[in-house]
Every structure is written in structure tokens, then in C-alpha cells.
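Here's the letter readout for the chains.
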Amino acid sequence: MKPAPFTYHDPETVDEAIALLGQHEDAKLLAGGQSLMPMLNMRFVVPDHVVDLNGVAGLAGIIDAGDALEIGAMTRQRDLMRDAAVGAKAPIIPEALEFVGHFQTRNRGTIGGSLCHLDPAAEQPCLMAVYDAVLTVQGPDGAREVPFAEWPLAYMIPSIGPDELLTRVRVPSWAVGHGYGFAEFARRHGDFAIVSAAALLEITGGSISRAAIAIGGADVRPIRLEEAETALVGQAANAESFKAAGEMARKIDAISDAYVSSAYRQRLAATMVERALVKAGSRAGGSA
Amino acid sequence: MAETRDIEVTVNGESHTATVETRTSLGDFLRQGLGKTGTHMGCEHGVCGACTVLVDGEAVRSCLMLAVQANGHEIITIEGLADADGTLSPLQEAFWENHGLQCGFCTPGMLTSLTAFLKENPDPSEREVREAISGNICRCTGYQGIVDAALSAAKTMREG
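First to last, the protein sequences are chains A and B.
Okay, so the first sequence: first residue is 1 according to our numbering, each after it adds one.
Okay, so the second sequence: first residue is 1001 according to our numbering, each after it adds one.
It should be emphasised that the hints constitute simulated quantities derived from the structure, not laboratory data.
Watch out, some of these pointers could steer you wrong.
The calculated label-pair distances, taken between Cβ atoms and stated as ranges, are [as the list claims (entries may be wrong)]:
{"id": "1", "chain 1": "A", "residue 1": "THR13", "chain 2": "B", "residue 2": "ALA1018", "range": "37 to 47 Å"}
{"id": "2", "chain 1": "B", "residue 1": "THR1017", "chain 2": "A", "residue 2": "PRO162", "range": "28 to 38 Å"}
{"id": "3", "chain 1": "A", "residue 1": "ALA244", "chain 2": "B", "residue 2": "GLU1003", "range": "57 to 67 Å"}
{"id": "4", "chain 1": "B", "residue 1": "GLY1142", "chain 2": "A", "residue 2": "PRO162", "range": "46 to 56 Å"}
{"id": "5", "chain 1": "B", "residue 1": "THR1017", "chain 2": "A", "residue 2": "ARG82", "range": "44 to 54 Å"}
{"id": "6", "chain 1": "B", "residue 1": "ALA1082", "chain 2": "A", "residue 2": "PRO140", "range": "47 to 57 Å"}
{"id": "7", "chain 1": "A", "residue 1": "ALA85", "chain 2": "B", "residue 2": "THR1004", "range": "36 to 46 Å"}
{"id": "8", "chain 1": "B", "residue 1": "LYS1155", "chain 2": "A", "residue 2": "ASP15", "range": "50 to 60 Å"}
{"id": "9", "chain 1": "B", "residue 1": "GLU1159", "chain 2": "A", "residue 2": "ARG82", "range": "24 to 34 Å"}
{"id": "10", "chain 1": "B", "residue 1": "THR1004", "chain 2": "A", "residue 2": "ARG43", "range": "48 to 58 Å"}
{"id": "11", "chain 1": "B", "residue 1": "GLU1159", "chain 2": "A", "residue 2": "GLU16", "range": "48 to 58 Å"}
{"id": "12", "chain 1": "B", "residue 1": "CYS1103", "chain 2": "A", "residue 2": "ASP48", "range": "38 to 48 Å"}
Computed footprint of chain A on chain B, listed as stretches where at least three residues anywhere in the stretch have a Cβ under 8 Å from a Cβ of chain A [stated by the list, open to error]:
{"id": "13", "segment": "1056-1062"}
{"id": "14", "segment": "1092-1098"}
{"id": "15", "segment": "1125-1135"}
Values in this document were obtained by computation on a predicted structure and should not be read as measured data.
Built from N, CA and C at the ideal position, the CB exists for glycine as well.
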């Protein structure tokens, strides 16, 4: 229950961090440590090098860029929950973060750490999916942008090279007064979700003009329920349309494990999508 | 040869310099390096909450932070909650009065977590208290005494 020996590095700049990743073969990046530290303690991972990002300048912080929020990868979950701009522009983020671990782990845990760890049942990847956020990854040859749809390559494997670093995410803003809802089912509060759903809605004159729905925990990566999104646009925002949209989640690909069957996950996905949409519908302001 | 670093930390108001192995957790350093055995190491993977300490005022798991990461920071452990003359904090007093502990293993994490929680939430509901300690596992009390103690301490502190 103690980490095996490793060489510890604490770079102060992004360039230094990337250079270290280039020099050392078996290196792990340490962000908030709420996933990596347990794995080190249990020796599930035994890296030769640990590169600690906590002292790297410029990786944490939230910038309101008008049409989007620019969130530094080392921004802690606690700071996202407390931030006024996030609360005003993307209120689904603090709502969903309430489900991430416990307040003691949110004090350390970072958005970038969660997105790189990429547990399929984690809340932050699900949020990035619903927004189709754009991730900025920096490597020795400069920066590149990855839309979230292309971020997960496979189960817990993000599209990032061994010498690259996630530096920030760009969360595009929805219309002022948009509806939002996050719903999750887990055995205990703070556990990873069995299934979670995030929904965003814009409602004009009582009918839905824009919809986004993401489901976490069901498949090996968060998925978008595009069929339901398309079907909802133009419909009245009411219990019937939300239920019908939820029913479409019964057809998604869902994984089976020792505890939960895929059929159960599909049923749960339908319920969570419906609940998230009902919440979103009740909150959509403007001309609803 | 194990890799080490020199660190300087303030623990319960007292400054300490030490040489630590870089893989040592903050919790193990507090216990073995500084002899502050009030912090309890339970699961050592961030689930049980017994090792919770305050780092710059925020409750964190000391098993999920390296000692070297605490360099330059201010730590409060359970030993730092009472006054220097031994007068218990209102929260500690309330734990005593409401039977908020039995074996005492989870108590350091409960007290540090609730100290931080009550500072931010001076008038919490029972549900909010239960959620605040949902990351702290107690196998003796059934939590009832702990929840009562937190609510009672909040009331005492509000009434000043």
C-alpha cells in the first residue's frame, strides 16, 4: 500500500514538463492525484518517473472568453464549483461536479486529470461530451486541438501521445437561459455512476430549438444520443417528448460487468436521460 | 538509493524542515516523520477518509498527496484543533457530548472534514452534514452521534 520508488520531477513550465516526457520513457503525469495516487499506492501502476504538474505555471484557471469558457487543465473541481462565470454560463458543470467523489477529493481533483484518466463512468468526460468541448494538447511540436468526440480512442485511452500534455479545455457557451439537467444513478453518493446523463436544451416559443444529450457509464466512453437530439428539435418541450427521447437510449451499446448487465444499463440510461431532460425543460427560461 | 527532497512545512502553526523520500505520502510523513500519529492511515487509497487533514484550510486526503507536495504549505492535523492549553474546539466538545466516537479510528478525519465544512456552511441541514461526511467511513457509531455532534457544534458556533 505504498508506492514503489520513482524519480520525482516538479517542472515549473509546460515546456519543461513536455521536455521531461520526451526524456523519460516510463513517466506518469501527476495532476490532482485522486486517481493516480491510489493506483501508485496499490502498485497498479509502477512508473519509473512521476512528473508533478502542481507547480506548473499557467495550467489552472478559468477565462470567460464570451462565446466559451476556457478552463485550464489543472483547475480543481472545487474551483470550478465556486466560479461565478461557470455558474452563470455553464450551470450544469457545478451540478454534475456535486457527484464527483467527495468535497475532500474535489479540493485536489482536477478537470484535466479526470479527462486524461477517462473513466467511462466519470462525470467530467460526460460533461465534455454534451458540450462537444475542444481539448488543447501540447507536445514538442506545438499545440493541437481535439474535439471531445475524438478524444476517447478506447476504454480509458485518450488521444494523447506519451510526450503530450493536456493544457486546457474550451467549453462553448449555450444561449443565456438555456435549460440544463444532470442525472446520475450510483449505488452510493460519490461512487462512480452506473449510468449518468447530461442534457442541454434551448427552447423558443415553447418548442425545442436545440438539444444535446450525453450518457456516461453505459459504454466504454461517454456517448451522445444524436437520434434523440435530432428528434427533439421542433417538438414541444413536454413530458411526452422527453419520455420518447429517453426511450431511444434503450438501443445504445452498453457494457456488461460482474455487477450490472448491459440490458440494465440500457433501461437505466432511458430513465436518466428522461430525468435530465425533464430538469432541463423545467429550467429553460426565455420564451418557453 | 531512495530519492529524497528537503521540505519545509508548517504543521499546526509550527515550522518543520525535513528530508523526505519523494514517494512518501503526506500522511505517512506526518505520522512517521513528525510523530503526529493523530492522523490515521486507513485504506490508503482515498476511500475511508480517516487520514483527512487541512492543507491551507482545505480538507484533503493525506494518503493521496505526497509529502513533497506539501512543501511551503500549511497543514492542520487533529492535534491542532484544540487550543494550546487543551481546551477542545466546539466541534470536539460536541463529539464528546453526543457520543460522536467510539473506537476513534475515523475521528481525526471526521473532525478535520467537519471543521472545514462548518467553516463554509455555518448553518447546515442534516442532509448536508450527512453528505459532507459521506466520504468518511465509521464502522462503530452508525453516524447518528456524529451528525448530532456536527449540528450541535454548528449551533454553538453560530451563537458564539
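(request) For the range 38 to 48 Å, tell me whether the beta carbons of B:CYS1103 and A:ASP48 fit it or not. (result) Since B:CYS1103 and A:ASP48 have Cβ atoms about 40 Å apart, the given range 38 to 48 Å holds.
(request) Could you tell me whether the CB distance from B:THR1017 to A:ARG82 stays inside 44 to 54 Å? (result) Violated, since B:THR1017 and A:ARG82 (Cβ atoms, about 33 Å apart) do not stay within the stated range.
(request) Using the Cβ atoms, figure out if B:ALA1082 sits within 47 to 57 Å of A:PRO140. (result) Distance hint for B:ALA1082, A:PRO140 holds at roughly 53 Å.
(message) Within 57 to 67 Å: is that where the Cβ-Cβ distance between A:ALA244 and B:GLU1003 falls?
(response) The hint (57 to 67 Å, Cβ to Cβ) holds, given that A:ALA244 and B:GLU1003 are roughly 60 Å apart.
(message) Can you tell me whether the CB distance of B:LYS1155 to A:ASP15 sits inside 50 to 60 Å?
(response) About 53 Å separates the Cβ atoms of B:LYS1155 and A:ASP15, which means 50 to 60 Å holds.
(message) For the hint 48 to 58 Å, verify it against the beta carbon of B:GLU1159 and that of A:GLU16.
(response) holds, 52 Å
(message) For the segment 1092-1098 of chain B, count the residues whose Cβ lies under 8 Å from any Cβ of chain A; is that count three or more?
(response) violated (count 0)
(message) Within 46 to 56 Å: is that where the Cβ-Cβ distance between B:GLY1142 and A:PRO162 falls?
(response) holds, 48 Å
(message) Holds or violated: the 28 to 38 Å window for the beta-carbon distance between B:THR1017 and A:PRO162?
(response) holds, 36 Å
(message) 36 to 46 Å was suggested as the range; check whether the CB atoms of A:ALA85 and B:THR1004 agree with it.
(response) Distance hint for A:ALA85, B:THR1004 holds at roughly 42 Å.
(request) For A:THR13 and B:ALA1018, compare the CB-CB distance with the range 37 to 47 Å and indicate the outcome. (result) Because 27 Å falls outside the window, the suggested range is violated.
(request) Three residues minimum, CB to CB under 8 Å: does the segment 1056-1062 of chain B make the cut for coverage by chain A? Let me know. (result) holds (count 4)
When the structure is compared with the earlier hints, violations turn up for hints 1, 5, 10 and 14 and for no others.
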